[in-house]
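Trainee: All chains, please: the whole structure from these sequences, using the hints.
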Amino acid sequence: MLKSAAHPARIRVLAHLMQGNCEFSDLMLYTKLSKTALANQLNHLVRMGLVQRVARGEYALTVDGRELLSAAATVYQNSKRREENRREALQSRYTKGYVERKIMSRKVIRKEAVYPPCWLSYTGAMAGSLKALGTDCDIVDVGGYSGYAFLINVSKGTTCPSGPTALPSQTWRQINKATENLGWTLEHYDYPHSYPEVEGKHTAKEIEVARKMLEKIKREIDEKDRPVVLWGLVVPEYGIVNGYEGESYLTSTFRRLAKQPEDPVIFYDLKAPGCLEAFFFKNRVGPDHPGSRREAVERAVHFAEAKVPILDNYVAGPAALDEWANVLESLPEEKQNYHGNSYVAACVCEGRAISNEFLQRLAKRHPGKHAKHLLAAAECYNRSAKLMEEFTRIFPFKFQGEMKTKERKKAAELLRQVKPLEEEAVKHMKKALKMWKRL
Numbered sequence: 006m007l008k009s010a011a012h013p014a015r016i017r018v019l020a021h022l023m024q025g026n027c028e029f030s031d032l033m034l035y036t037k038l039s040k041t042a043l044a045n046q047l048n049h050l051v052r053m054g055l056v057q058r059v060a061r062g063e064y065a066l067t068v069d070g071r072e073l074l075s076a077a078a079t080v081y082q083n084s085k086r087r088e089e090n091r092r093e094a095l096q097s098r099y100t101k102g103y104v105e106r107k108i109m110s111r112k113v114i115r116k117e118a119v120y121p122p123c124w125l126s127y128t129g130a131m132a133g134s135l136k137a138l139g140t141d142c143d144i145v146d147v148g149g150y151s152g153y154a155f156l157i158n159v160s161k162g163t164t165c166p167s168g169p170t171a172l173p174s175q176t177w178r179q180i181n182k183a184t185e186n187l188g189w190t191l192e193h194y195d196y197p198h199s200y201p202e203v204e205g206k207h208t209a210k211e212i213e214v215a216r217k218m219l220e221k222i223k224r225e226i227d228e229k230d231r232p233v234v235l236w237g238l239v240v241p242e243y244g245i246v247n248g249y250e251g252e253s254y255l256t257s258t259f260r261r262l263a264k265q266p267e268d269p270v271i272f273y274d275l276k277a278p279g280c281l282e283a284f285f286f287k288n289r290v291g292p293d294h295p296g297s298r299r300e301a302v303e304r305a306v307h308f309a310e311a312k313v314p315i316l317d318n319y320v321a322g323p324a325a326l327d328e329w330a331n332v333l334e335s336l337p338e339e340k341q342n343y344h345g346n347s348y349v350a351a352c353v354c355e356g357r358a359i360s361n362e363f364l365q366r367l368a369k370r371h372p373g374k375h376a377k378h379l380l381a382a383a384e385c386y387n388r389s390a391k392l393m394e395e396f397t398r399i400f401p402f403k404f405q406g407e408m409k410t411k412e413r414k415k416a417a418e419l420l421r422q423v424k425p426l427e428e429e430a431v432k433h434m435k436k437a438l439k440m441w442k443r444l
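Be aware that the sequence shown starts at 6, since it is given in my numbering, and climbs by one per residue.
Simulated from the structure, these hints should not be mistaken for lab results.
Where hints are given, some of them may not hold.
[Stated by the list, open to error] What follows is a list of derived Cβ distance ranges for each label pair:
#1 85 / 391: 32 to 42 Å
#2 61 / 331: 27 to 37 Å
#3 409 / 264: 24 to 34 Å
#4 324 / 395: 16 to 26 Å
#5 68 / 335: 46 to 56 Å
#6 208 / 407: 35 to 45 Å
Note that beta-carbon positions come from the ideal geometry of N, C-alpha and C, so glycine has one too.
Mentor: Structure representation (structure tokens):
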């Protein structure tokens, strides 16, 4: 069947017949084939059972013909090759004039920011940028001080990979503001709509918005020699812009974790669900102090208990673990989202590890009676991380895979073991805060 369809003219015939029955004369106009050539191609397709004559001079697809073409279209639509073709076309369209006139501009900041291998892309992009700006910090500091690492957020009814980043703007503002405790104030550039609104299609207005952001990022790199954190460089994650080449961003992103090349990203070829946004590092501020560290623990409690705004179709905090476990057990295998389960598990696992390390660091900096409760909370997160590591061994990260009943039940049981540890960690952090405030 593949061989019988493998000819450009026959593919065009099949594609046109997907729209419905068609007469010979119309097919001649559409395919631009001669009468003899078209007759030969149709005879071949009829002989192979992909097309049938329904009346004199009128043709239609058979069931096999329709299913073959539908399957081929589906494979191509989701293929890496289609994405490469699309990007090559965009690159050619938007850089051809620059190349021909030999004025392709290129600039990279002197101290490039490196995205540290991690799953939680906000922590990675911020930590890499802050380190390049001279701040002694890592993903543990970003995840801990912002409260982001302490939050578990999952979608209702299915485990969508959007969970770790699908937060309302009010919650992100809290995370962003708290990140400033690490040494730099942030300027937020925001286009409050998903970009693009329709996947794979960019309106003139959207391209203009993206171009304005490109020019702002270029000025930041040219005038201040600083990295920029940009949403949507990968799908859908934060990444670092270290420079530009023509109308493309030069980046350091989550691709490092997947061991993929850091190809330039053309300015409007972003995948930014929710909003198009960038963060600029504006002014240095003083380092953290005991008050900010205590505030970080208070923030950690709020995020761990989900006492922050959450989107309507998501569940956060300990209740998220129940929702996740119920989805694993209740949905049949064919309706499970393997990518969502594997990605969210990797993020939650990393968040537990960051929370553990952050609380241990605070306990060492502030010895005293309250420190024992910080260490007890850290141990809860350590145990949670080990349970989530076991989950990731059951469903290692990839986009597709089997989710058999036995494995899903085991994974759900692990989540139910994590829940009391999360609740216990919060109790210890609250006890630590009470003692800390008395000092």
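Trainee: All hints are to be evaluated individually against the structure, with a verdict given for each.
Mentor: Against the structure, the hints:
In this structure the hint that residue 85 and residue 391 lie 32 to 42 Å apart at CB holds, the actual value being about 35 Å. Range check, residue 61 to residue 331: Cβ separation about 60 Å, and the 27 to 37 Å hint is violated. Between residue 409 and residue 264 the CB atoms are about 28 Å apart, so this pair conforms to the stated range of 24 to 34 Å. The beta-carbon spacing between residue 324 and residue 395, approximately 22 Å, falls within the hinted interval of 16 to 26 Å.
One distance hint, 46 to 56 Å for the beta-carbon pair residue 68 and residue 335, is violated here, with the actual separation near 35 Å. Under the hint 35 to 45 Å, the C-beta atoms of residue 208 and residue 407, about 40 Å apart, fit the expected range.
This entry does not satisfy hints 2, 5, going by the numbered hints stated previously.
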